[in-house]
Amino acid sequence: MLEIEVSTVADQSLFEQSAYTLETGLGGRWTQRLDGLDERYWDLQVKTQIITLHLQHYLGICVLIPSGCEQLAHGFASCSAARRAGSADGHIAGAIYRVACFAGKPAPTGC
Numbered sequence: 008m009l010e011i012e013v014s015t016v017a018d019q020s021l022f023e024q025s026a027y028t029l030e031t032g033l034g035g036r037w038t039q040r041l042d043g044l045d046e047r048y049w050d051l052q053v054k055t056q057i058i059t060l061h062l063q064h065y066l067g068i069c070v071l072i073p074s075g076c077e078q079l080a081h082g083f084a085s086c087s088a089a090r091r092a093g094s095a096d097g098h099i100a101g102a103i104y105r106v107a108c109f110a111g112k113p114a115p116t117g118c
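Residues 8 to 118 in this note's numbering are what the sequence shown lists, from first letter to last.
Derived from the structure by calculation, the hints contain no laboratory data. Don't take each hint at face value.
[Stated by the list, open to error] As a list, the in silico SDA-like pairs of lysine to any residue whose alpha-carbon atoms are at most 20 Å apart:
| hint | residue 1 | residue 2 |
| --- | --- | --- |
| 1 | Lys54 | Arg36 |
| 2 | Lys54 | Thr38 |
| 3 | Lys54 | Tyr27 |
| 4 | Lys54 | Leu71 |
| 5 | Lys54 | Trp37 |
[Unchecked claim] So the derived label-pair ranges between C-beta atoms look like this:
| hint | residue 1 | residue 2 | range |
| --- | --- | --- | --- |
| 6 | Gly75 | Ser20 | 27 to 37 Å |
| 7 | Gly75 | Gly34 | 12 to 22 Å |
| 8 | Thr15 | Thr55 | 30 to 40 Å |
Built from N, CA and C at the ideal position, the CB exists for glycine as well.
Take the sequences, apply the hints, and build the full model.
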């Protein structure tokens, strides 16, 4: 499993913007949304895989991607609309772009 940090701050607004970005960028649907006092786990089903968006009060926000799904990360990172600087889209795309690079994929074009 690959864990990518989106933010070291547990910002609720950034979490929800990140959720929207993942959903639209990857074309999935939310299958489970668990919201607690200081943690949130949302599972996004993309084809046959589950990607988890996690917020933890002391650690921030991260995305958990199952091993073998690096192609999904690479495909999303190449979305030029998600690369706007300073936006939640840019944070998520940047994080997923790092996963694609970590997995040894070529750099996306058109970003």
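Verification of the hints:
Using a Cα cut-off of 20 Å, the hinted pair Lys54 and Arg36 holds, with the two alpha carbons roughly 9 Å apart. A hinted pair counts as satisfied when its Cα atoms are at most 20 Å apart, and Lys54 with Thr38 qualifies at roughly 12 Å. Simply put, Lys54 and Tyr27 have alpha-carbon atoms about 17 Å apart, close enough for the 20 Å limit, and the pair holds. With a C-alpha separation of about 16 Å, the suggested pair Lys54 and Leu71 falls inside the 20 Å cut-off, and the hint holds.
Our distance criterion of 20 Å between C-alpha atoms is met by Lys54 and Trp37, whose separation comes to about 12 Å. Our hint of 27 to 37 Å for Gly75 and Ser20 holds, since their Cβ atoms are close to 32 Å apart. Range check, Gly75 to Gly34: about 18 Å between beta-carbon atoms, so the 12 to 22 Å window is met. Between Thr15 and Thr55 the C-beta distance comes to about 31 Å, which sits within the given range of 30 to 40 Å.
The structure shown violates none of the earlier numbered hints.
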